[in-house]
Amino acid sequence: MIRWQTRQKVVKGALGGVTLLFLAYQWFPMLTMAVLSFTGPNGGTTFPMQDVSLHWYRELLRVQMVDDFKPPMLRSLLLALACSVTTAALSLAAAQAMRARFRGNGAFFYLILLGVMAPGLLVGFGVAVVARILGLPLAWYTTTFAVHIVWTLPFGFLTMLAAFNRFDRRLEEAALTLRANRWTTFWRITFPLVLPGVIGAGLFGFTLSYDEFARSFFSTGSEMTLPLVIFAQFDRQLQPTLYAIGTATTVISLTTVAVFAILFRLVRLRTRAAVSAETQ
Amino acid sequence: MNPRKRSLVSHVLALPSALWMLGALVIPTLFIVWVSFWTTRTFSLESPLGLLNYTKFFNRPTYVKLLADTVQQSLLLMAITVVLGYAIAYFVVMKVRQPALQLGLFLALVIPFWTSVLIRTIAWIPFLGVTGVINQALLFLRVVDEPVSVFLYSRTGITLAQVSFYTLLATGPVVYTLRNIPPSLPEAARSLKATPLRVFWRITVPLTLPGILIGQILVFLNVMADFATASAIGGNKHAFLGNIVILLYDSGQLPFASVIAVLLMLCMLGGVAALLKVVDIRRLGVP
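Protein sequences, first through last, are from chains A and B.
Numbering-wise, the first sequence is residues 7 to 286 according to this note's numbering.
Numbering-wise, the second sequence is residues 133 to 419 according to this note's numbering.
Quick caveat, the hints were computed from the structure, so don't treat them as lab data.
Each residue gets a CB set at the ideal place from its N, CA and C atoms; glycine is no exception.
Incorrect hints may have been included.
Unchecked claim - FRET-style restraints, in silico, Cβ to Cβ:
#1 A:Val273 with B:Val141: 24 to 34 Å
#2 B:Leu147 with A:Lys18: 49 to 59 Å
#3 A:Met123 with B:Lys188: 21 to 31 Å
#4 B:Phe245 with A:Arg109: 31 to 41 Å
#5 B:Val165 with A:Ala186: 47 to 57 Å
One chain only, chain A, in its complex shape:
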């Protein structure tokens, strides 16, 4: 019996060691990048650091003709916002449609899930090919927007399906028996109850689009989004500015996730409180 317990402990220790090593492996490059972004004006792209300064962040803010990260950053943020709203609206409608098990709902489900399976680079490539043959221009607010939604919609859709799964149909039925029409019932009962799901779908829309590189690669014209500009700059020369912009954009991504997570919790607590108050 004692040997059995020691063996369990050894297994636990080994698995724990693997997990911790992997965490270090995953986090270390990102943290290193963040540390190196604070190197001095003469600092290079690796250790040892030359001084500690905000030089490379100031460099980002200074207006430049080339390597100006500010307009692409604005484009990426606007695109992410548009994707967030569109993903939330489309997934809400699509998941609500799925509840009625309409004819062809199976095919519809797989059609949307195709967006996760399809290789990002080639989705952008396809849109670029179509645009080239038809002589249409490429732009971040048209073609890139279209292919980003292909990527974000399945995530939002699955989130909404899960939200409707947890949803208590009797609340809708109660409203209908009280002679509320379908429209009122949806906006007064259904929508507030699945609102946390809508926020989740919006989060996927925002962050997946904001960081997207592969799908933007072919589909964006000359006005590039942030990941494309970062890649172009990286292709020319690796500078500490890239560490600074990389750290800054990571902070933006994680702040957005945190804001959405807080919003999600607040809304869920509020609806729970409202539902329990009503049913008592």
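Chain A is fixed; fit chain B onto it per the hints.
Relative to the frame of chain A, chain B by itself:
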């Protein structure tokens, strides 16, 4: 509301998403397939369609080798992540008892997923170079006497980075299936004097097989389509099929780029079909 009207409402609600997916994904993919059969570089309606580009691809050993390299890299990543991903999932779900610690580990694992893979790729560069962190550590530990250059611009470096990006894809679905195992099952087996190893292989692994499978499909698809890691860490020395699509597109060879895109998609479809065949998802969960 009568059922017919209800069905109409559903169709109207589903229509925008369906049209979006058709217009931005399905139709462009059909265009790629069509272009891959062009026999001329530029498009005209009279130009005949044919297999010219496909024969050109298979007659060049360089391209066939690239295809093999891409598939090989995917298989390598699958082999690494299936073990590593499972070990992590098993530890977090089955071995960590404190909920707070479990949550902390989950967050530490998932947070990098919410950041840009491109930035994470760039973050690997200061590690891999001749003056990079790995070499400095190896020199410090006296494992090597002079810096080694096997990390940057190499398959090793690409693999190192890809493992850090994609292991989580293998972990996630396993976490989900592990949490769904009712504790009474392994307990029953143990009370019948099954050894822990036997419980693991006869109960835990079969019940988590769908999770393993979904994780492996995700890893396979992502590595097959990955071009950014190869181009950032591999420099110009290493390429996978995705990189060649870019190269050919930039040099204006649209039909040939399309051939490679089609072959890449066929490989991905074939791979997923093969994985689903290995494990029949529908029969899982039935004792």
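Self-check item: Index of numbered hints that the structure contradicts, given in increasing order
Solution: none
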